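*Asks:* Sequence:
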Amino acid sequence: MPLRLYNTRTRKIEAFQPRREGQVSIYVCGLTPSAQAHLGHARSFLFFDILRRYLAFSGYHVTYVQNVTDIDDRSIAAAHRLGVSWREIVAGYYAEFKRSMQRLGVREPDKEPYATDFIPQIRETISALIEREYAYVASDGIYYRVGKFANYGALSNRNIAELEAGARIEIDEAKEEPLDFALWKFAKPGEPHWPFEPYGDGRPGWHIECSAMSHALLDPAGTGFDIHGGGADLIFPHHENEIAQSEPLMARPPMADFWLHGGLLLFDNRKMSKSLGNFEPLSEVLDRYDPQAIRLLFLRTGYGKVMNFTEEAMAGAVATLSRLRRDYRLLHEAAASADGTAGGGGSLTERVVAALDDDMNTAAALREVLAAASAPAAGDARERLRELRSVLNLLGIEPDDRWLASPEELPLPADLAGALRAEIGEPWLDGIDDGRTALERVVAERLAARADKDWSRSDRLRDALARCGIEIKDGKEGSAWSVVR
RNA sequence: GGCGACGUAGCCAAGUGGUAAGGCAGGGCUCUGCAAAAGCCCCACUCGGCAGUUCGAAUCUGCCCGUCGCCUCCA
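Numbers given in this note's numbering equal positions in the first sequence, counted from 1, plus 1492.
Fair warning: there could be bad hints in the mix.
In silico lysine-lysine, DSSO-like type, Cα no more than 30 Å apart, as pairs [as the list claims (entries may be wrong)]:
#: 1; residue 1: Lys1677; residue 2: Lys1590
#: 2; residue 1: Lys1640; residue 2: Lys1504
#: 3; residue 1: Lys1590; residue 2: Lys1797
#: 4; residue 1: Lys1797; residue 2: Lys1504
#: 5; residue 1: Lys1763; residue 2: Lys1504
#: 6; residue 1: Lys1968; residue 2: Lys1945
#: 7; residue 1: Lys1603; residue 2: Lys1677
#: 8; residue 1: Lys1945; residue 2: Lys1965
If you anchor each label on the Cβ, the simulated ranges turn out as follows [said to hold, decoys possible]:
#: 9; residue 1: Asn1761; residue 2: Arg1511; range: 36 to 44 Å
#: 10; residue 1: Pro1670; residue 2: Leu1902; range: 55 to 63 Å
#: 11; residue 1: Val1576; residue 2: Ala1743; range: 39 to 47 Å
These are computed hints drawn from the structure, not numbers from a lab. None of the values given here were measured: they were computed from a predicted structure. All C-beta atoms, glycine included, are put in the ideal place defined by N, C-alpha and C.
Given these sequences and hints, build the entire structure.
*Replies:* And the structure:
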């Protein structure tokens, strides 16, 4: 059963077939780092990360390009506002984004082209469009002549008349038609600019960089590439415009066979976006929640569906993750003591593959993984572990040291001794700076209190420990403590 | 106004013709000084509403209602 994907271009689920045997070329619209990335970005890139992993797992050699639109009105405006250069703005936000992606386990793109590194190719593309009358020079820039491209609207399923009826487009006198969009904006005083003879210095408009860079990096022959992706909010106008810019210059359209779009993430039932400002920066969400839990959260919903983020749902994902870790650790322990009878295995992988073949149904795949991880010991533990690890890897979940550590072996919270001193404030903690020593001292104090049946003191100490990130479990033989993950 | 998606328990969500997965929250029990953790059990006679197709529908069709998105910068 081959991989089947929903193709925005045809509005159908189709069997995926790459153009070149064994190779897949993907272009995904990346970030415009003119503001902090938010959780919605994470959802989108997390999906393409899993798609990539799955294609590679299926034996394809994948070339994954994800651009950086490093020049746009917003970063210029932000630079003016903050009195720094636009390059600093972009570099800062992009570095933060990259760190977040790394924390989420999203693999680096094979190529990460910056728009401003492709100014020559952008100029070339614009010149070619002007030559063929798909573009014209106006007083404040160079525009794309939408009316000239017969297929305009095909991707997003709309027609020019409807779009004009929308009438939310500002009338710009410089343009021939309201739908025409800028390919090149002539520089105003104080704005960054690049030369473009004979038309005038300026900067690229949004959209053109993707046409120029996908052509340069994935499709020099002008015959198209395999997959073009991005968030659903890019379908119109961004991807529609990319097609309009690229296809008239191609030897053989379409620009890309498959157009894949990730569903938007809502927050408080509203779109999470820069302009609404109802988002928390991704980096802060990652501070609050385990990145692997966030990955699980997104895995549970179909990639193309609108999804609403809630703290409650997030708590559910956190619980799922800790159960998965425990199951994994138990399986790991069983595998270590197994005497190594050969096991068949393979069926979990088959079920996961079947799920992903069905338009990347990660929810079904995850369901299989969780069921297999928690299944009562059946078959060879080592084989099961090996398979579980492989399938987790496919979903981008990499068991690390913390997965194997029992809760007592996890690293202690930073400055635990100080925190405990502040919480408890009793003299016997004075001078103890080592977290572990302090912790053991508190546990011993509490045990003494319990022996005296001084329950209120015992509970007070337990609460203090809890506030410092240490959980106490009283058992038959003493009290065990564990670090709250 | 146009185009599109979605509407399944308090929350998230799977299921797309054969009689409602799972998780979280909640409740009960075991354990405990009390907890926590863990384990067991319970928790949608029903899938926004109304018609229709069918032996049979959450799943197909039509209409209606609602929410959200795109149509302007956006993953």
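*Asks:* All the hints need checking, so say for each whether the structure fits it.
*Replies:* To see whether the hints hold, each was checked on the structure:
At roughly 29 Å between alpha-carbon atoms, Lys1677 and Lys1590 fall within 30 Å of each other, so this suggested pair holds. Distance hint between Lys1640 and Lys1504 is fulfilled; the C-alpha atoms sit about 27 Å from each other, no more than 30 Å. A threshold of 30 Å between alpha carbons decides the hint, and for Lys1590 with Lys1797 the separation of about 25 Å falls inside it, so the pair holds. As the CA atoms of Lys1797 and Lys1504 are separated by approximately 15 Å, the hinted pair is consistent with the 30 Å bound.
For the proposed pair Lys1763 and Lys1504, the alpha carbon gap of about 25 Å is at most 30 Å, so the pair holds. The suggested pairing of Lys1968 with Lys1945 holds, with an alpha-carbon distance near 15 Å, which does not exceed 30 Å. A hinted pair counts as satisfied when its Cα atoms are at most 30 Å apart, and Lys1603 with Lys1677 qualifies at roughly 26 Å. As the CA atoms of Lys1945 and Lys1965 are separated by approximately 17 Å, the hinted pair is consistent with the 30 Å bound.
One distance hint, 36 to 44 Å for the beta-carbon pair Asn1761 and Arg1511, holds here, with the actual separation near 41 Å. In this structure the hint that Pro1670 and Leu1902 lie 55 to 63 Å apart at CB holds, the actual value being about 60 Å. Under the hint 39 to 47 Å, the C-beta atoms of Val1576 and Ala1743, about 44 Å apart, fit the expected range.
Of the numbered hints given earlier, the model fails none.
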